[in-house]
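Residue numbers (numbering that gives the first Met the number 0), protein chains in the order written: chain A, 0 to 144; chain B, 0 to 144; chain C, 0 to 144; chain D, 0 to 144.
Certain hints may be false.
Note that the list lumps identical chains together, so a pair holds whenever it fits in one copy or between two copies.
Claimed, not checked - Restricting the straight-line Cα-Cα distance to at most 20 Å, the calculated cross-link-like pairs of lysine to aspartate or glutamate (EDC-like) are:
1. Lys86 x Glu49
2. Lys56 x Glu139
3. Lys56 x Glu133
4. Lys89 x Glu74
5. Lys86 x Asp107
6. Lys124 x Glu74
7. Lys56 x Asp79
8. Lys89 x Asp54
Treat the hints as calculated values from the structure; they're not laboratory data.
There are 4 protein chains.
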Amino acid sequence: MVRSAPRIRADYRAFQTLMTRWIDNDIYGHMNNAVHYQLFDTAVNGYLLEQGALDIKSGATVFLVVETGCQYFSELAFPDVITAGIKVRKLGTSSVIYDVGLFRGVADITSAQGHFVHVHVDREKRLPAPMCVETRTILEQLIND
Amino acid sequence: MVRSAPRIRADYRAFQTLMTRWIDNDIYGHMNNAVHYQLFDTAVNGYLLEQGALDIKSGATVFLVVETGCQYFSELAFPDVITAGIKVRKLGTSSVIYDVGLFRGVADITSAQGHFVHVHVDREKRLPAPMCVETRTILEQLIND
Amino acid sequence: MVRSAPRIRADYRAFQTLMTRWIDNDIYGHMNNAVHYQLFDTAVNGYLLEQGALDIKSGATVFLVVETGCQYFSELAFPDVITAGIKVRKLGTSSVIYDVGLFRGVADITSAQGHFVHVHVDREKRLPAPMCVETRTILEQLIND
Amino acid sequence: MVRSAPRIRADYRAFQTLMTRWIDNDIYGHMNNAVHYQLFDTAVNGYLLEQGALDIKSGATVFLVVETGCQYFSELAFPDVITAGIKVRKLGTSSVIYDVGLFRGVADITSAQGHFVHVHVDREKRLPAPMCVETRTILEQLIND
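Pulled out of the complex, with its shape left as it was, chain A reads as follows (with noise of 0.2 Å):
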């Protein structure tokens, strides 16, 4: 197991921003290490549905998460307000990898850092389906090379 070093705000491509809730602090007084992923997935959707790349409710198509992981550096806990940095790290036919990054307030070295990988698949029968061209456009704008 390899320790990363955390990031910096220009590493990543696509910013939202996060509100901590009073339920995240657990009783170490610190947001409870699987709410990190409360917020990978709502970053990374919420900037989804931004794009018009996801249809929650009747897209014949959807994403599902087969893999995340999670460093966690530094604390975080209500009432912070998080900016979460996303990046496309690889991109796929049917699946892509992103970078997600949480930084604290103004912070511009990140709290927690880790990847998120989602799998494009017809929504009825759960299989890999080829993205569409309007889908690939908007993910490729995330790589940062």
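Position chains B, C and D against the provided structure of chain A, taking the given hints into account.
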């Protein structure tokens, strides 16, 4: 059981902006009924923190919840932005009954509304403790008569 | 607001075993007030599923929550095992009011208790729909007179 | 990113029974990816509590999470009962890497599996602290060589 009419923004005295999360939507595609209480908690405690009436980590006293209730009028769902309206219905020596309403986007009538009852207690013994003058003053501003 | 007395197991008609999670404990070291509603939902829907009165994925009708409430008497906390007691207070044509109590471990009096109101609706239109005879029979068994 | 093969029960050394909740199912009708981490946390900390290696309220030391990860192979959903398998992959002086697998009902292969890294810290200063002999002995029993 008497069903209330939805309230409007002018019925409340303080407001907090809250954001929904992907995970809030349950299998029916709307915010699960338990999430409304996460928002009530966040709105009330967020207000107390902003006003300096609550010190989460080191205050000698804290507020514990002894009763809550909610009526659901219309759906809320991710990615809605929600405004919580707060007012104080009754202020006792060591307890306070809040009314809380949740407004979807720019709507002027509540999608859901309820009450939230805090008892002010000694942090260690967890026995009721009278609120200090400063806290009472903050809460009196939320009384809407 | 009238404070109820805690009920006992004999006041309820059906029971569901529920388990707490690490994340349920908030900064005060006990189960956060919103979690009780996750348990109410799980107990009532779990009972309906067991009895065959609910088909989550493909039923033509579903139950939506229109009102909930809870009074908190004593702390629950991870790793407590909780028993939820359920009874039907009122059974209408297309709605049902449940009373739910949460018992810590082997305790015979509730740590928290509340109510939970379901409306039976058409899944697509989300308009009230009369319950069928089979569902009514299942719910009538929970009436405690 | 290398995709692992699903593990079986014999790959793990200790087991915890976990229950799903209504709210765990997201809009796609299965357990949301962030919930798996609530279960990892509950399984590992539940084991530590049972073994006497963790005193939530008054221990001088606690375990903080510094890294987690999960691969999702097949759906879990309410009302599934889940068994979490735990083993220790690596035991350091003040840290421990757990492997955790989630088994649906009586299945012998995991629906999801991941890792969970705890650092043992002084409760107040939150700096790494060597584990005592008793804790090491408890964790050594989870090493599967």
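Each hint tested on the structure:
1. Taking the shortest Cα distances, Lys86 and Glu49 sit within 20 Å of each other inside one copy (15 Å), while across copies they are farther apart (33 Å).
2. When the C-alpha separation of Lys56 and Glu139 is checked against a cutoff of 20 Å, the pair qualifies neither within a copy, at 25 Å, nor between copies, at 35 Å.
3. In this homomeric assembly, Lys56 and Glu133 come within 20 Å of each other (Cα to Cα) only inside a single copy, at 19 Å, whereas the closest approach across copies is 31 Å.
4. Taking CA atoms no more than 20 Å apart as the test, Lys89 paired with Glu74 passes in neither setting, with 28 Å inside one copy and 24 Å between copies.
5. In this homomeric assembly, Lys86 and Asp107 come within 20 Å of each other (Cα to Cα) only inside a single copy, at 16 Å, whereas the closest approach across copies is 37 Å.
6. Proximity of Lys124 and Glu74 under a CA criterion of 20 Å is satisfied inter-copy only: 13 Å between copies versus 40 Å inside one chain copy.
7. Within a single copy, Lys56 and Asp79 get their C-alpha atoms only as close as 31 Å, which misses the 20 Å cut-off; across copies the closest is 14 Å, which meets it.
8. Neither within a single protomer nor between protomers do Lys89 and Asp54 lie at most 20 Å apart by alpha-carbon distance, with minima of 23 Å and 39 Å respectively.
Hint check: violations occur at hints 2, 4, 8; the rest are consistent with the structure.
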